[in-house]
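Novice: Residue numbers (numbering that gives the first Met the number 0), protein chains in the order written: chain A, 0 to 423; chain B, 0 to 159.
The set of hints was computed from the structure by calculation and includes no laboratory data. Since the model is a prediction, treat every value here as computed from it, not as a measurement. Incorrect hints may have been included.
Stated by the list, open to error - Rough simulated footprint, nothing fancy, chain B against chain A, three-plus residues with beta-carbon under 8 angstroms: (1) 42-48; (2) 70-84; (3) 232-246; (4) 250-257.
Said to hold, decoys possible - Examples of chain B residues lying across from chain A (beta carbon under 8 angstroms, computed): (5) Asn30; (6) Ser35; (7) Gln38; (8) Gly107; (9) Cys129; (10) His140; (11) Ile141; (12) Gly142; (13) Trp143; (14) Met144; (15) Gly145; (16) Val146; (17) Asp147; (18) Thr148; (19) Asn152; (20) Arg155.
Beta carbons: idealized from backbone N, C-alpha and C, even for Gly.
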Amino acid sequence: MTEYGFDTLSIHAGAAPDPTTGARITPIYQTASYVFDDVNHAAALFNLQEFGNIYSRITNPTNAVLEGRIAALEGGTAALGVGSGHAAQFVVFHTLMQPGDEFVAANKLYGGSMNQFAHAFAKMDWHVRWAEANDPDSFRKALTPKCKAIFIESLANPGGIVTDIEAIAKIANDAGIPLIVDNTMATPYLCRPLAHGAHIVVHSATKFLGGHGNSIAGLIVDGGSFDWGSGKYPTMSEPSPSYHGMRMYETFGNIGFAIACRVLGLRDLGPALAPMNAFLVLTGIETLPLRMQRHCDNALKVAQHLKAHPKVTWVSYAGLPDDPYFRLAKKYLPKGAGGVFTFGVKGGYDAGVKIVSEVKLFSHLANIGDTRSLIIHPSSTTHRQLEEAQAITAGAGPDVVRLSIGLEDVNDIIADLNQALAAV
Amino acid sequence: MTNAQYSDDYIARILKQTRTIAVVGASPERNRPSYSVMQFLQKRGFRIIPVNPRAVGGLILGEKVYDSLAGIPFPIDMVDIFRTSDAAGQVTDEAIAIGAKCVWMQLGVRNEAAAERAGAAGLDVVMDRCSKIEHGRLSGHIGWMGVDTGIINNSRRRRV
Numbered sequence: 000m001t002e003y004g005f006d007t008l009s010i011h012a013g014a015a016p017d018p019t020t021g022a023r024i025t026p027i028y029q030t031a032s033y034v035f036d037d038v039n040h041a042a043a044l045f046n047l048q049e050f051g052n053i054y055s056r057i058t059n060p061t062n063a064v065l066e067g068r069i070a071a072l073e074g075g076t077a078a079l080g081v082g083s084g085h086a087a088q089f090v091v092f093h094t095l096m097q098p099g100d101e102f103v104a105a106n107k108l109y110g111g112s113m114n115q116f117a118h119a120f121a122k123m124d125w126h127v128r129w130a131e132a133n134d135p136d137s138f139r140k141a142l143t144p145k146c147k148a149i150f151i152e153s154l155a156n157p158g159g160i161v162t163d164i165e166a167i168a169k170i171a172n173d174a175g176i177p178l179i180v181d182n183t184m185a186t187p188y189l190c191r192p193l194a195h196g197a198h199i200v201v202h203s204a205t206k207f208l209g210g211h212g213n214s215i216a217g218l219i220v221d222g223g224s225f226d227w228g229s230g231k232y233p234t235m236s237e238p239s240p241s242y243h244g245m246r247m248y249e250t251f252g253n254i255g256f257a258i259a260c261r262v263l264g265l266r267d268l269g270p271a272l273a274p275m276n277a278f279l280v281l282t283g284i285e286t287l288p289l290r291m292q293r294h295c296d297n298a299l300k301v302a303q304h305l306k307a308h309p310k311v312t313w314v315s316y317a318g319l320p321d322d323p324y325f326r327l328a329k330k331y332l333p334k335g336a337g338g339v340f341t342f343g344v345k346g347g348y349d350a351g352v353k354i355v356s357e358v359k360l361f362s363h364l365a366n367i368g369d370t371r372s373l374i375i376h377p378s379s380t381t382h383r384q385l386e387e388a389q390a391i392t393a394g395a396g397p398d399v400v401r402l403s404i405g406l407e408d409v410n411d412i413i414a415d416l417n418q419a420l421a422a423v
Numbered sequence: 000m001t002n003a004q005y006s007d008d009y010i011a012r013i014l015k016q017t018r019t020i021a022v023v024g025a026s027p028e029r030n031r032p033s034y035s036v037m038q039f040l041q042k043r044g045f046r047i048i049p050v051n052p053r054a055v056g057g058l059i060l061g062e063k064v065y066d067s068l069a070g071i072p073f074p075i076d077m078v079d080i081f082r083t084s085d086a087a088g089q090v091t092d093e094a095i096a097i098g099a100k101c102v103w104m105q106l107g108v109r110n111e112a113a114a115e116r117a118g119a120a121g122l123d124v125v126m127d128r129c130s131k132i133e134h135g136r137l138s139g140h141i142g143w144m145g146v147d148t149g150i151i152n153n154s155r156r157r158r159v
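With the rest of the complex left out, here is chain A (with noise of 0.2 angstroms):
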């Protein structure tokens, strides 16, 4: 069989002309349900005993594509494509977790999970133990017997830390529970969690993978790697009462995960993917590796030219030599350090606001991984809800922008740059 390389994947990958009409572009299947052929056939598909479509919420082969591609980009067995990235969270969580256990994750990530994590979870008694991004030994010291999981971000949101995903992977196999990576930042252009031991992957695929800003949609990847057989995860390993007792792992193998995320978590969930968005992150993801190398190229020169100006502080960007993630960012980005960035601008709070206030070019919005630029001040908007020692440890403190760069040519975005700069 031939391995065809990451661009061709990512153009072909899960997709194939259309069998009943021969359409070459993936089919946005608009529809809400399927019928079946008979009584038998509708048993069987419900039962699980056989593939096929039911009802939009839980399969739809739009989404199947963009759910292949992902899958095979990512290195991974299978994959499941929901709403949005908190979706993603959510449904992998409801996989893994019982009602009284924890996990540990960085304190470093995007503020909005770290939210998700500390309150939206606790209501599910489900408890998250905060470990130092930057330190592995820190999560091995965070575990707890209750531990179910490891939660991570390969590139973090906002700061550009760079997290040591093979040390922190060691830490897990060790402690026998799986590394989830959220690998939105980074794309699996730059970096591939499972490659350096990671078992599953979470993706907000409304960033990079789409590429254009129009569409919410979250990725779930199943590493296939994880051995779900030793009774901590009852939802994989024990018989499940709505499917007539079957098990998820003795069934499934190594799909068994991204398989028990669609018929258990989502179905009974509900954060299903609208086809519509599916087909425009898949057209993104065609155009993926050439985006990105042009978000890095573009990304690496505005913060070379930050770190140069006399109203900046600071940048932080892992492309930049004298970064402290610059080593890092050689083993598991060698192709660039991403597309975000922060910096800190002299004036603080004040200053950071007069900046998103006068930038031309910019997009003052809360999002990333758009064609165009964007800029957010994150002390005033994503990052606001947390408390200010722990917006200071995520990176996202009084004086911090954070800087999406975009595909725009890259004189044009160091010049809104410098005039907004110039008003402070």
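Chain A is fixed; fit chain B onto it per the hints.
Specialist: Chain B alone, transformed into the frame defined by chain A:
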């Protein structure tokens, strides 16, 4: 679903050459994996022959249950094993004895020594794979469940 150990061509050839499958460890319980695999393969046109000493005297999916491979009075192409890895050794020897062309051990079932004996006797061997999942993968149907089939296809044709 990466197929590092067996090429797609190898699996596709086995499935195309196979018409009759003896399923050892076949359960009459609808919710056991062996039952749904038999149901799936039967629907795809394979003749499935259940083998289970504890279910002799009954029918599974309309087929008579045999107590052993040796008791089946007609040729068998593939022996599909839903037993422990240890038990798969003896089943493999019986499969060789009845002249089966392929020994297929299901997910979680591995017996290297038995695989060597079968290989030496000229049988195709597949271990630690689900025959239903592999058929679904190569036919494209399992793609509906978000599986990486490892296949790039530029036409409407299917592999199996």
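Novice: Hint by hint, say whether it matches the structure.
Specialist: How the hints compare with the structure:
no.	hint	result
1	42-48	holds (count 4)
2	70-84	holds (count 9)
3	232-246	holds (count 4)
4	250-257	holds (count 6)
5	Asn30	4 angstroms, holds
6	Ser35	4 angstroms, holds
7	Gln38	6 angstroms, holds
8	Gly107	7 angstroms, holds
9	Cys129	6 angstroms, holds
10	His140	4 angstroms, holds
11	Ile141	5 angstroms, holds
12	Gly142	5 angstroms, holds
13	Trp143	5 angstroms, holds
14	Met144	6 angstroms, holds
15	Gly145	3 angstroms, holds
16	Val146	4 angstroms, holds
17	Asp147	4 angstroms, holds
18	Thr148	6 angstroms, holds
19	Asn152	4 angstroms, holds
20	Arg155	5 angstroms, holds
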